[in-house]
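In order, the protein sequence lines correspond to chains W and D.
Using full-length UniProt numbering, the final residue of the first sequence is 325, and nothing's skipped along the way.
Using full-length UniProt numbering, the final residue of the second sequence is 505, and nothing's skipped along the way.
Here are some, though not all, of the chain W residues that point toward chain D, as calculated from beta-carbon distances under 10 Å:
(1) T190
(2) R191
(3) T192
(4) M193
(5) I194
(6) G195
(7) S197
(8) A200
(9) G202
(10) E206
(11) A208
(12) R210
(13) V211
(14) F268
(15) R271
(16) D320
Simulated from the structure, these hints should not be mistaken for laboratory data.
Here the structure is a predicted model, which means the values were calculated and not measured.
Note that CB positions come from ideal geometry on N, CA and C, so glycine has one too.
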Amino acid sequence: MRLFHNADVLIALILVVAMVFIGLVNPAFWQMANLFSLLKANVVIGLMALGVLLVMISGGIDVSFPAFAVAGMYIVVRGMVEFEYDGVVIPFLFATVIGALLGLVNAGIIHKFNMIPLIVTLGTASVVRGLVLGGIGTSNVNINQMPDALIAFGRTDVLTLERANGTTFGLTAMILVYIAAALVIHLLLTRTMIGRSVYAYGADAEAAKRVGFNTGRTMIFVYCTAGALAGFAGLLHSSMIWLANPRDFVGLELDVIAAVVLGGASIFGGRGSVLGTVMGVFILVMIQNSLILMGIDTTWQRVVVGGMLIVAVAITALRDRRALV
Amino acid sequence: MASPPLIELRGISKRFGGVRALDDVSMSLAPAEIHCLAGENGSGKSTLIKVISGVYQPDGGEILIDGEVVDKLDPAASIARGVQVIYQDLSLFPTLTVVENLFLNTYLRERRRGVDWGRGRKMAKEVLERLDVSLDLDASVETLSAAGRQIVAIARAVLADARLIIMDEPTTALTGREVARMFRIVRDLQAQGIAILFVSHKMREMLEISERLTVFRNGSKVAEGPIAEFDERKITRAMTGRDLNTGRFAAPEVSPGTTPRLELRGVGIGKDVRDISLQILPGEVVGLSGRIGAGRTALAKAIFGLGQEVTGDILVDGKPYRPASVTEAIDAGIAYVPEDRLSEGLFLSRSIQDNAISAALDGYAPRLWIDRKRARDETRAMFDDMQISAPGPEVPVSTLSGGNQQRVVIGRWLMTDARVLILNGPTVGVDVGSKEQIHSIIHGLTRDKGLAVIMISDDLPELAANCNRVLAMADGRLTGELTGDALTEDALETALSAETEGEPA
Numbered sequence: 001m002r003l004f005h006n007a008d009v010l011i012a013l014i015l016v017v018a019m020v021f022i023g024l025v026n027p028a029f030w031q032m033a034n035l036f037s038l039l040k041a042n043v044v045i046g047l048m049a050l051g052v053l054l055v056m057i058s059g060g061i062d063v064s065f066p067a068f069a070v071a072g073m074y075i076v077v078r079g080m081v082e083f084e085y086d087g088v089v090i091p092f093l094f095a096t097v098i099g100a101l102l103g104l105v106n107a108g109i110i111h112k113f114n115m116i117p118l119i120v121t122l123g124t125a126s127v128v129r130g131l132v133l134g135g136i137g138t139s140n141v142n143i144n145q146m147p148d149a150l151i152a153f154g155r156t157d158v159l160t161l162e163r164a165n166g167t168t169f170g171l172t173a174m175i176l177v178y179i180a181a182a183l184v185i186h187l188l189l190t191r192t193m194i195g196r197s198v199y200a201y202g203a204d205a206e207a208a209k210r211v212g213f214n215t216g217r218t219m220i221f222v223y224c225t226a227g228a229l230a231g232f233a234g235l236l237h238s239s240m241i242w243l244a245n246p247r248d249f250v251g252l253e254l255d256v257i258a259a260v261v262l263g264g265a266s267i268f269g270g271r272g273s274v275l276g277t278v279m280g281v282f283i284l285v286m287i288q289n290s291l292i293l294m295g296i297d298t299t300w301q302r303v304v305v306g307g308m309l310i311v312a313v314a315i316t317a318l319r320d321r322r323a324l325v
Numbered sequence: 001m002a003s004p005p006l007i008e009l010r011g012i013s014k015r016f017g018g019v020r021a022l023d024d025v026s027m028s029l030a031p032a033e034i035h036c037l038a039g040e041n042g043s044g045k046s047t048l049i050k051v052i053s054g055v056y057q058p059d060g061g062e063i064l065i066d067g068e069v070v071d072k073l074d075p076a077a078s079i080a081r082g083v084q085v086i087y088q089d090l091s092l093f094p095t096l097t098v099v100e101n102l103f104l105n106t107y108l109r110e111r112r113r114g115v116d117w118g119r120g121r122k123m124a125k126e127v128l129e130r131l132d133v134s135l136d137l138d139a140s141v142e143t144l145s146a147a148g149r150q151i152v153a154i155a156r157a158v159l160a161d162a163r164l165i166i167m168d169e170p171t172t173a174l175t176g177r178e179v180a181r182m183f184r185i186v187r188d189l190q191a192q193g194i195a196i197l198f199v200s201h202k203m204r205e206m207l208e209i210s211e212r213l214t215v216f217r218n219g220s221k222v223a224e225g226p227i228a229e230f231d232e233r234k235i236t237r238a239m240t241g242r243d244l245n246t247g248r249f250a251a252p253e254v255s256p257g258t259t260p261r262l263e264l265r266g267v268g269i270g271k272d273v274r275d276i277s278l279q280i281l282p283g284e285v286v287g288l289s290g291r292i293g294a295g296r297t298a299l300a301k302a303i304f305g306l307g308q309e310v311t312g313d314i315l316v317d318g319k320p321y322r323p324a325s326v327t328e329a330i331d332a333g334i335a336y337v338p339e340d341r342l343s344e345g346l347f348l349s350r351s352i353q354d355n356a357i358s359a360a361l362d363g364y365a366p367r368l369w370i371d372r373k374r375a376r377d378e379t380r381a382m383f384d385d386m387q388i389s390a391p392g393p394e395v396p397v398s399t400l401s402g403g404n405q406q407r408v409v410i411g412r413w414l415m416t417d418a419r420v421l422i423l424n425g426p427t428v429g430v431d432v433g434s435k436e437q438i439h440s441i442i443h444g445l446t447r448d449k450g451l452a453v454i455m456i457s458d459d460l461p462e463l464a465a466n467c468n469r470v471l472a473m474a475d476g477r478l479t480g481e482l483t484g485d486a487l488t489e490d491a492l493e494t495a496l497s498a499e500t501e502g503e504p505a
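The following block holds chain D by itself, in its conformation from the complex:
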């Protein structure tokens, strides 16, 4: 290689107490390279980012930038050398305008006291032109879509004279089309000489965008090379250290003529959702795809008794059902696992057991007090069923990994004798290994208990592999259905991009 690597790490180690977060890691990033960093939660990806951005000082090893050893890399030094990190939360200011979000960074670096709005505006305009995107400069960032915010964050990094932009899980909140647009921007940046380090756990994206791939497991680099040397299987294997069953879920035999577990007839919710009719049979897993805002979550919440202005008929096991509250929904056998389990689904500081019995508290407290023994026994059974890895049901949920937290949320509903389980983003933020186990648990439940499952997900491979059929939703309506052999990732992709065609991004 003629020019030295932009950044080179040699034998970097970092420990926290007794935990080795990074163990003798070496890697290098060439200028204008698109590099992907893969690994499960806790594999050391975040620590590595923080070492490169100067937040953490490594315990051992050296960091070279442009071929020179950098002694003490602190955040300011890292930024001065052109490293910009876009965290998952983007760190934007929601109430401020696009213009201001873009120029504040630069003015701060220039140590300005005054604010020159005219110049800031010009800078903002130029950088957006450079990225070849158009955004309303005077809109406040909170009014932008997730994709728009992502663009603001990228533009801000570019304005800061970035030579390397590190993006932490940048596509989590984006739909397929938006991801494609972001990739276009990333390639433009590359053409302008900016290197990108992607942190992701989505195989498809890694394979599509990156030139090189580095895989971490337990704080060590376990694989590295040009992307051509990898395929999904190989990446998964490197990340988890084992082969996963990626085969498709065999749909259970559903005998026609059985009463549907859940039936919707012409259901509408306010102005958001119109005229939804569907039937879900016992043991069926039905996927719901569509872009954010298509009404999927509104529909799920309405079935769970959280909807307003619900019209049409809902039937559970053939009986009319019109929930006015969550309590009624739970009594009718409906269970809902929300998108954001941290804020909507769990009491983080309480134990697994407290969380587990919370959805059916009345059942455990027939009189005034809680039947401790029953609660303990049933929680224990759920704990084992869901294969939760934790010291025991008495530890606080906040100490669990994302995958284990999700098992608690799902497991909790099984203790309520749920008949219809609605999963909204069942494996968001859950790593590959855990994901597969959660899927197989869900399938076990549909088989053994005749549970009907609605799975809402942006993860198309997840839908394609785990559902009997997938319904597409757009603008509050059902727009199509894929089933049997027609249900493939590609078909889903096509269906989704077709329905978003012509919409402003």
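Here chain W stands alone, though its shape is the one from the complex:
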């Protein structure tokens, strides 16, 4: 029984069962090409989920990250087009910094006025989306205008395989970026005091103050990191699909939050792990992917994702309440 106290083990089990089941229903699932595309679909959602994980461990909820991702992506791509700049490192740096600064706004409001993160991030999300559309523009930056270096970066593969008919398919190198980010967040969360302060704050914010944590700093760490990851993921997304759409990521907050909750993070705070979140993202993407493979209409996917979120929240809520007794 002790094993099941560890949420990660349980999630891994669910993951394996789901994979076996989906593979039985649809053997095409196990084809390398499908697995590669599955992994590719993990990257952007996964990066955002790492940010949301931080917020949820701290006991908050963030719905502003899709807006921040749009801001990071669209401002940078439009800027690159405007100044005819072609490169990779500086644009990504910019997108990350834009996200982090917007996160700082979240942190400031939440900490200073002691406000509910859900409401604050709802507000900042709306403001940021409005500012991007009103201030920067509303038109898509299409593939023919997209900076070449970004497209080339997004197309990099880490591994290329050949099909029987001679065509090739590859595993995107962006998966390495995702793995690296996950590793960094994991180390920050488990091996540093600032990381542990996030858990402490989520477990009991008042107690965290009393033992001497600088909780303002914790909030800045949480929301800036979440914003930075969103900004970075936004630009990465556009370089992977060769398109910058200022109305992108609508409704993505639900998918990402569902993935993080599936990964065992508690909506009450104080609980959650990077490994669990990575698995949660994989489960969510895999189920969406197999719904597509089975030819189920995309509108029904929303029903499935919403249902999964509710079930996952119900299970974690039940677990957390049981633990309280």
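Chain W is already provided as a structure; the job is to place chain D on it using the hints.
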């Protein structure tokens, strides 16, 4: 005395607005002394703790630590000099493990950036060995018992190089056996040179553990001395400024043969409670003792219509009764005063009157609207009956003291024509003076209205003094009954420790 006192307060005063929270208070604490601080709510105990821990700066007077005057004592300075406070809520992190709860404090003090889990684990192990207790280091704190959490809080204070540990009402959530274990730990700490300042209002404990006692009333020190100079009567008198009637409740004549107000026949609730049979006659006060988790609260809630999977028969005034909801229970004349009146029993921001009529709202609103006049008149009557001290029934309940809030909760039920009153921890967090009045009100009700009362309490003296008989409960079963002359505190203590024997603490 050869060595200077660990902490000495000279003429400390602290006021908040026009209220004198502390008025020219002097006291001293010797190294490795177990000192008890007693006083009713609002007597200045908490303010004093906050002055010693540096949270409040006094308006006048000086604080000496190790014989030196400390100019400005802020929390960091206080901690640096070895003062650790364990608040009533313990300030632990429930979702984190024991290990982490223990080392976080120390790492923070050392201003570390990284977390060395190996060293943290070693520290945790060592400190628990030092306290001679064993705990699962990897269990999350929320899964521990109240006693376990208390130990984690103490261990954390010890790890922070405490020389003085201040414990605010440390025994509230503990059972007798657990209290004994904690006292053993406290004495161990003393042997290691750590002073303890206990804040408590339980006489028995003060007399058992402390070496010196200081009593506060209205912001002033009213008594101080070695514990040998005190007895319960003297402490109570110092705390309240008057003598209390501590005599035992004379059980009203209960004529056999009357139909029981409440009868349970083989009642079980899920897996928690099994095979409970009992009868309570009109006018009877029946106590229910047992440790936390014995099923007392589950049983009370089931009678109040909050139980699931209830089996067996319940009869009220001889009529079969099977409540599916609280509304049905109230209609049948059952009233329940929960353990935690703040979260379960009261609408804090609403007035006394709104709270008072809330349990019988339908009665006051026969049509769509509330009969204001009737509500006001009956609330006024209850207000007077219960001797609530407040400016009037229209003030919000949040402005009342614990004792007065409890009177509102109890009084509210009397307005529903309750026939069976279940009190869960009727005087938890209520000070001595108020406690006595609440007891006498309860007794008045049983006498005048033939109310049957079930009193659930961890406070053995309370049970012994106020019940006709006391039933002991363990593991969801009734394990014994004490009545008449056999009903004494000592007998209760024995019954309780017998039934918890052999259980893991």
